[in-house]
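Enquirer: Sequence:
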Amino acid sequence: MAGLVLDVEGSPVVGVRVALHAFGSDEPDGRTESRSDTAGRFAFERPRSGGVVRVVDERWVTVLEPTLFDGDQVHGELTVVVAPNGPLAGVVVDEAGLPVAGATLWVVLGVDLRPRIGRVLDRCVDAKFTASTDAAGAFAMPRAPSTMTTRVLVTATGFAMANVAVEGDPLRLRIVLRREHAGDELKGRVLDATTRAPVRAHVTLGDLATATDAEGNFRLALWQAGDSANPELVALAAQRLPARVRPTGADWRVRGAWPGDLTLLVGGSGLRIRGRVEHADGTPVTDPRVSFAEPAPLVIPDGLDVGEDGEVWLSSVATGSGDGPPPGSFETPPVEPGRYRLRVLDPATLDELLSDPIDAGRDGVVLRMPALGLWPPLRGMVVDRRGNACAGADWLVERGARDGEAARHGDWHQADEQGRIDHAPLSRAIDTLCVKAAGMAEWVRVPLASLPRVDEFRVVVPIGCQARIELDARWRDADTAVLADGTGAAS
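Here my numbering is used: the first residue of the sequence shown is 1, the next is one more, and so on.
Hints in this document: simulated from the structure, not taken from any laboratory. Any given hint could turn out to be false.
[Said to hold, decoys possible] Lysine to aspartate or glutamate pairs mimicking DMTMM-like chemistry, simulated, CA-CA at most 20 Å apart:
id: 1; residue 1: 436; residue 2: 405
id: 2; residue 1: 187; residue 2: 167
id: 3; residue 1: 128; residue 2: 207
id: 4; residue 1: 128; residue 2: 7
id: 5; residue 1: 187; residue 2: 213
id: 6; residue 1: 187; residue 2: 169
id: 7; residue 1: 128; residue 2: 215
id: 8; residue 1: 436; residue 2: 416
id: 9; residue 1: 187; residue 2: 261
id: 10; residue 1: 436; residue 2: 394
id: 11; residue 1: 128; residue 2: 213
id: 12; residue 1: 187; residue 2: 215
id: 13; residue 1: 187; residue 2: 122
id: 14; residue 1: 436; residue 2: 456
id: 15; residue 1: 187; residue 2: 207
id: 16; residue 1: 128; residue 2: 112
id: 17; residue 1: 128; residue 2: 27
id: 18; residue 1: 187; residue 2: 112
id: 19; residue 1: 436; residue 2: 411
id: 20; residue 1: 436; residue 2: 363
[Claimed, not checked] Quick list of the computed label-pair ranges, beta carbon to beta carbon:
id: 21; residue 1: 160; residue 2: 138; range: 14 to 22 Å
id: 22; residue 1: 425; residue 2: 478; range: 46 to 54 Å
id: 23; residue 1: 296; residue 2: 112; range: 37 to 45 Å
id: 24; residue 1: 481; residue 2: 281; range: 23 to 31 Å
id: 25; residue 1: 155; residue 2: 112; range: 18 to 26 Å
id: 26; residue 1: 112; residue 2: 403; range: 42 to 50 Å
id: 27; residue 1: 294; residue 2: 449; range: 28 to 36 Å
id: 28; residue 1: 420; residue 2: 59; range: 16 to 24 Å
id: 29; residue 1: 104; residue 2: 172; range: 19 to 27 Å
id: 30; residue 1: 373; residue 2: 420; range: 21 to 29 Å
Note that the Cβ used here is the ideal one computed from N, Cα and C, for glycine as well.
Can you build the whole structure from these sequences, using the hints too?
Expert: Below, the structure written as structure tokens:
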């Protein structure tokens, strides 16, 4: 495998180490590497594994990096594009000079490189250069592209995005963010409704969230919250019903629109719905999957952990019926009082049921699946146009969109080594078999009703191929290519 290292102006870069990095890794794999020669060229043996090709050099950062996939063993020359490395550091503050914690920074080149590089770059992806600010608003980015057009984009909750040039000392940048909204700070407390003891809770206001401290205190910057026509402050604690408070005035970003004594009391137990799921003939459904239909209620968590940085982890009670439940039984997680619809899936047949509204706290609910009938067992083969078995071909079944709902897909499966598909009888609600062999981008969709026999069929799929088209400057305005077979017919 060979390639070329170029800078952002399209000139060769000499004497740099080029290495393969596994997906998600910042370190080279240690086995596949080379060094660019006097013409910027490099070569190494193509490994079976995939990854991205980058330059490993303190002087340079890769800005366009070729991507290689495991099964993608045949390809032309690669192109790696690099820029000078220019470390960045500094602080992000608001207009009052206060630090902005948790801001996200992206470094971009500010120009589209691809038209500058007279090479095929269809394997290249844009490298990402990001950082976040700490509690003091400080950030550091030891590796970033340094060009005349480099820009830094900064976003933070409640602030307008900043797009700034790198000016002055790149290690002492000071980036000022502007608030999107005016507003006050909202302070309050969360207590247990019975004991009045402080409670660790997760407090939200629209898209804004925080956690209480050990004394139950919380604070939210109202100017940071997104726009909302119906804002509601919600305190959610483990194993307790949540507390909710709405503003008393329309201008909810002002402290005066909220109760003077902002104490939220959480307490009481959540309510579950318990029952069983049956087939149309009254026999139990094995391992039914039961969930709340949208709009789903707020599930009361079983546990709540708050990290040192204030991050909150909620763990919900899993759906189930305890140890050794009777076949077909179910139990929802605890929720607030109300009437809710349940969505039920039979994993064996993929039959679905949307229940009528059910009161939370109700026991002995019986949900009976519709009598839609079953297809015969799904048995067949996936072959290419020459009749060869497509081992490991991907397949799944689909229930088409209906009743205002989107199409639903079953689990993803693979054909065996002989290309065989084998599945137990499926619901007649399932109407399509979707098949895709290696190298294919799109599914071959086969209506089950079109098969002479569902339990003995063959699905023919085209085997994927790759075409490389290289054009010179005379074709710069071309935007479409058509592949033709030997007779000239479009393929």
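Enquirer: Work down the list of hints and note, for each, if the structure agrees.
Expert: Verification of the supplied hints:
1. Distance check on the hinted pair: residue 436 and residue 405 sit about 25 Å apart at the alpha-carbon level, beyond 20 Å; violated.
2. Among the hinted pairs, residue 187 with residue 167 is inconsistent with the structure: their alpha-carbon atoms are about 39 Å apart, more than 20 Å.
3. Between residue 128 and residue 207 the alpha-carbon distance is near 26 Å, which puts this suggested pair outside the 20 Å criterion.
4. At roughly 17 Å between alpha-carbon atoms, residue 128 and residue 7 fall within 20 Å of each other, so this suggested pair holds.
5. The suggested pairing of residue 187 with residue 213 holds, with an alpha-carbon distance near 12 Å, which does not exceed 20 Å.
6. Using a Cα cut-off of 20 Å, the hinted pair residue 187 and residue 169 is violated, with the two alpha carbons roughly 39 Å apart.
7. For the hint pairing residue 128 with residue 215, the CA-to-CA distance comes to about 41 Å; that exceeds 20 Å, so the pair is violated.
8. Of the pairs offered as hints, the one joining residue 436 and residue 416 holds, with about 13 Å between alpha carbons and a cut-off of 20 Å not exceeded.
9. Taking the CA atoms of residue 187 and residue 261, the gap is about 9 Å. The hint holds against a cut of 20 Å.
10. Under the criterion of a C-alpha separation no larger than 20 Å, the hint pairing residue 436 with residue 394 is consistent with the structure, at around 5 Å.
11. Among the hinted pairs, residue 128 with residue 213 is inconsistent with the structure: their alpha-carbon atoms are about 36 Å apart, more than 20 Å.
12. Distance hint between residue 187 and residue 215 is fulfilled; the C-alpha atoms sit about 13 Å from each other, no more than 20 Å.
13. The suggested pairing of residue 187 with residue 122 is violated, with an alpha-carbon distance near 53 Å, which exceeds 20 Å.
14. Simply put, residue 436 and residue 456 have alpha-carbon atoms about 19 Å apart, close enough for the 20 Å limit, and the pair holds.
15. Between residue 187 and residue 207, the direct Cα distance comes to roughly 17 Å. Compliance with the 20 Å bound is thereby established for this hinted pair.
16. A threshold of 20 Å between alpha carbons decides the hint, and for residue 128 with residue 112 the separation of about 14 Å falls inside it, so the pair holds.
17. A hinted pair counts as satisfied when its Cα atoms are at most 20 Å apart, and residue 128 with residue 27 qualifies at roughly 15 Å.
18. Restraint check: the Cα-Cα separation between residue 187 and residue 112 comes to about 46 Å, which exceeds 20 Å; the hinted pair is violated.
19. Restraint check: the Cα-Cα separation between residue 436 and residue 411 comes to about 14 Å, which is no more than 20 Å; the hinted pair holds.
20. Distance check on the hinted pair: residue 436 and residue 363 sit about 44 Å apart at the alpha-carbon level, beyond 20 Å; violated.
21. One distance hint, 14 to 22 Å for the beta-carbon pair residue 160 and residue 138, holds here, with the actual separation near 21 Å.
22. Taking 46 to 54 Å as the suggested C-beta distance range, the pair residue 425 and residue 478 conforms, at roughly 52 Å.
23. Judged by the Cβ atoms, the range 37 to 45 Å given for residue 296 and residue 112 holds: they are separated by roughly 43 Å.
24. In this structure the supplied range 23 to 31 Å is violated for residue 481 paired with residue 281, their Cβ-Cβ distance being about 57 Å.
25. Separated by about 22 Å at the C-beta atoms, residue 155 and residue 112 satisfy the suggested range of 18 to 26 Å.
26. The hinted range of 42 to 50 Å is satisfied by residue 112 and residue 403, whose Cβ atoms lie roughly 45 Å apart.
27. Between residue 294 and residue 449 the C-beta distance comes to about 30 Å, which sits within the given range of 28 to 36 Å.
28. Between residue 420 and residue 59 the beta carbon distance is about 55 Å. The supplied range of 16 to 24 Å is therefore violated.
29. For the pair residue 104 and residue 172, the beta carbons lie near 20 Å from each other, so the given range of 19 to 27 Å is met.
30. At about 25 Å, the CB distance of residue 373 to residue 420 agrees with the hint of 21 to 29 Å.
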